[in-house]
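The residues making up each chain are set out below.
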Amino acid sequence: MIVPLEHILILAGLLFFLGMGGLLAWRANLIMMLVCIEVMLNAVMLVFVAGSARWGTADGQLFAIFIMALTSAEVSLALAMVVYLHRRRKTVDTDLFSEMKG
Amino acid sequence: MHLYLALILLLPLLGGLYNALLGRLLPRRVGEAVACGVIWGAFCCAVLACVGFTGPVRVEFGSWLAAFTFQAPIALYLDQLSLSLTLMITFVCGLIHLYSVGYMQDDPAWARYFALLNLFVFAMLTLVLAENLPLLYLGWEGVGFCSYALIGFWYTEEKNATAGRKAFITTRIGDTAFGIAIVWMYQLSGSVSITHLNTMGALVPAAIVTTIGLLLLAGAAGKSAQLPLSVWLPDAMAGPTPVSAQIHAATMVTAGVYLLARMFPLIGSSDTVRAAIALTGGITAFYAATCACCQRDLKRILAYSTISQIGYMVLGVGAGALTGATFHLLTHAFFKALLFLGAGCVITALHHQQDIFRMGGLRTKLAAVYWPFLAGALCLAGFPLTGGFFSKDAILGGVVAQGGPLYGGLLLLGLFTALLTSFYTFRMVFVVFHGEQGHSLPPGPLPLIMTLTLVPLALLGLCGGLLNLPAYLGYQGLLDGFLGSIPGFGGVEQPPHADEIALQIVAATLSLTGLGLAWSRYTGSRRAETLAREEAGQPGARFLLNGWYLDSLYWVLVINPFNHLARFLWKRWDEAGIDGTLDGLARLTARLGGLPAAWSSGRVATSLFGLAAGVCVVLVYLVWVTLS
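So the protein lines, in turn, are chains A and B.
Numbering-wise (the numbering used here), the first sequence opens with residue 1 and increments by one.
Numbering-wise (the numbering used here), the second sequence opens with residue 1001 and increments by one.
Hints were generated in silico from the structure; no laboratory data involved.
Just so you know, even glycine gets a beta-carbon here, dropped at the ideal spot from N, CA and C.
Don't take each hint at face value.
Label-pair restraints from in silico Cβ distances [claimed, not checked]: (1) Trp26/A - Thr1626/B: 25 to 33 Å; (2) Trp26/A - Tyr1621/B: 23 to 31 Å; (3) Thr1626/B - Asp93/A: 36 to 44 Å; (4) Leu1627/B - Val35/A: 30 to 38 Å; (5) Glu38/A - Ala1613/B: 17 to 25 Å; (6) Ser76/A - Tyr1621/B: 44 to 52 Å; (7) Tyr1621/B - Glu74/A: 26 to 34 Å; (8) Asp1583/B - Gly13/A: 46 to 54 Å; (9) Gly1602/B - Gly13/A: 13 to 21 Å.
Covered stretches of chain A, going by a simulated chain B footprint (3 or more residues, C-beta under 8 Å) [unchecked claim]: (10) 20 to 28; (11) 83 to 97.
Take a look, some chain B residues computed to stay more than 12 Å from chain A by CB distance [to be verified]: (12) Tyr1018; (13) Phe1357; (14) Pro1470; (15) Leu1553; (16) Ile1559; (17) Glu1575; (18) Asp1579.
So here's chain B without its partners, still in its complex pose:
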């Protein structure tokens, strides 16, 4: 176990270092092979660790930070949660690395790309496997940095660099809250070990638990793009598409959910925190789903759907359905990575066209992309019997089990969001793949590896439900049994089987309704009319297209006042005030110093006048002395 855990972390790190330091010196094929090989190697180690897994294990590799009573060793903690996430991360990232080989085949900066991608996996695995919060924070910041560098990967374009900075700064707000929470928890308990902190729940005053929980929620909201810090994710689509798939769909953005689930035994004891988490998730899920309904950019639709789906996971954590949230996290990673990679194929084939209204009729021309993409869409829309259907249902089931007006409202919101999800998903599928050709150029050829990687993801997405079949089928779900022993995961009250079946019927109906709505609007005779109307744009649609003008709100509330303050401090305070005073003093001194300089002209006459003046002074003095 010691060796496997070390290799899981070291392999991606070494791969990243190799590509960063030597990648450009050696042939491209070697760099690509190393980048992909280390991730698959880590996956193999994760599988071996899974085979040999008998129970939670803590492995310490050495001392990292130690001062007085503060101890933060390089310690990893492998339990069922981190094991399942490690397996998912290494597998999905491995596929995405393979896909990247095809996607980046014409890019000269491949060494930087693969180095960052590998380092990202390393940071993400550190985050997931860390036993103490400082180490987790290290990974947390590592994925933040890699995300920044990869969003702005094509940094020569101003827009991309700005998107990178936006993501970095926005997530930094949440990270600060998380940092404060870590320090506070250490101050309370004298320890930063996650397992130790999770046993502290009962000993800490309720008000403090609530505050810490809210701080952690803010941190999770930043990383997972939840309201009100969700603005960075849609813009993060400026990066290469595999990056969007790996970072902004499958792995990094779920870090917030992981953090909340990990710390749930501590913060879950506060009802306020749970309600706040559930509310954040529910509202974000609804918000992003409405925005996704009116987007034109293929990747932005997926970005908003990511925000929405993570909203579901956060809602699940808030409702205490940690297994459901983890289940959705896993299935979402499969189908969202699939959708993004499929979108990358479409965009590459259409010569970097991202506007869905310029697509259409690709079903036959890109059949190898269409079928996996459709599978992903079915999962995302929660089509009955797909992975997404079961996992979303597990979360909504958890909300039902909570009861009460708050959770009742959130359930309705969640169900309505499910309808919206289904609608926008199939809007995307029908607009892009059905109808007649909406673009002038025929689709270009795709590297085989790009379409091949879609297949395993499609299978996993569709069959993801097998991971955790609902309990009314008569036996315990795989994940339920696997995760049940983790503190916080087990002992959740399940809704009665009748309720769950009813819920699934409702969810299935909603999903099919959304499909039907999209079908009636975007296929057949009404397609052209609908597309023309949407392209013209209506006020309501523009409101949703711009994400409820959340960006503009930030401009008005934060950025503009900040700019004005900065300009005031720069122009008025620094330049006019401080610099002006100093410059004035310097000028005054220089002028004073210039006065006697006229006397040292070197002319004899000047000296003579000085002599005469001196004589006069002496005389006046003598007269004064004599007279007084």
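Extracted from the complex, chain A is given alone in its bound form:
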């Protein structure tokens, strides 16, 4: 393996926390939040792929593909909900959607 596993893990960690920071920072916009979640998921996928390469097994790659399928489903569903919410309230600011408080 040309690139050491640690480097990949560091990159993945950076990506994950960038995504998380973005998630918290852009919480006024649902679309940007979805983008950030994608970034975090990609960081996780990267870890799976790296692990698969490091130990020479296919499980990690399998999971990465699984995640891709899951994400595409999730994004399409989420975007549909965003459109619906925007249609209802003319906004995508999450702070204004608090009806489900328990």
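Given chain A, put chain B in place with the hints provided.
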């Protein structure tokens, strides 16, 4: 005898229940007739019982309280003492009921009035006829309750309701002592039967007899308004006047004397108890007589004179002159009821004026009241040859027979009190009935029944002496012979005839001196001057007017500290301490609970921060695990 005794008790009870439950539904005349009829019916039964009386009889009607060895059946005991008291109570109360019909003719609450009056008679008769102490206590508390309810009869006025409560609470102090004595006597002898207890005197240690005697004395002092529990009686005049006559003169207040006389075979064996009883009576008689000299309220004069006269009876019991005490109890019931009913007539005629300085000159205008009232006054003052003269003399004779420095001092006190009694009695008579008219309105009309009831009482008061003429006249007195066989009553040493005659001469002189003093001050030319001076009020007179400031003393000693303690417990202990701690705990919990409530705002951002914080926690944990 069985039937008579049952009827004596049941008739007033049924009358009371009738008026309490149905009285308002049926016409007023029916209620009045029932109320008076049952008392006279009880009187007739008492007369029949008296005719058929052959000796003390104990009648048991059924079981009342029974548990293990404790037995307190509904048992009545009719002996000479309870028989004579029953006759007196039913007769005097019967007259007072008749009088009430006139007195209460304009009062809308007559049903409550007659119901309470009848229940009072029932309770009083239970007290007198009871064979065991719990039953006696039942009657004792019954008269206490009826007295409370009747003193505060016109309860819409704060003053009357307060007087009722005062009487109830003050007598309750004595009742507690009496209750303790009952329990103790049961614990000592395993029985609460009065006749049985009275045979126990010799078997019980002297110290315990003394203590029980003092407890009974405290109970009697509460009910009979003796020092130091006398403060309730003057205020009890807030009730209707017939109530004052029935309860606070003729019957209830003598219950203490009856109790002491009844239990005398037990407690009389202790010299300390007898001295304490005699001292209480003597000092109370003197105290109340001084207070009565300066009162302005007609009913308060009579109230203080009642306290004073009962003091005489208690003194008589203390001196062992039980017959004398009973004799005075009977004559006092007649003449004091008479005086109160007469006072009620005067007050009604003067449109509820009670201040004697606003009266005057009623002798001709209210002649039908004046003559009976004068008869009562003569008896109260111990005017020679009236009932009060002989009965008071019998008590003082008993004191003479005891001898010794204590009883000698009490005799002098008693004689001085007799002088005061005569003075204040005639002060009252002269100020109210003599002189010129001291009020603007002319006397109003009186119902005939109110003045008619005075006549038999006046006759009984004046001729009461015939009940028990002194022994030096050559034959045994009626009461002496009748009561002599009761344990404790007989075998009392009589003073020598010469002493008794001397005593009667002294007493007669004192009575006439008091009459003369009052005559010189309150009639003729000096009347206006004396009245003006007394109305202005002097420090000494104010001291006596306020009853030696006994009420203020209680305020300082008992009521104020109690109020302060109660306020402290309420404000500082309960509200600040207990409630404050609990409130603080509750507030703290609520605030703690409010902290995580901010997290459940429902906003997505909050959840996100929670997610991030969770990730950080997991990371920190992993780092910690890795490094350590």
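Exercise. Provide an ascending list of the numbers of those earlier hints which the structure does not satisfy.
Key: 6, 9
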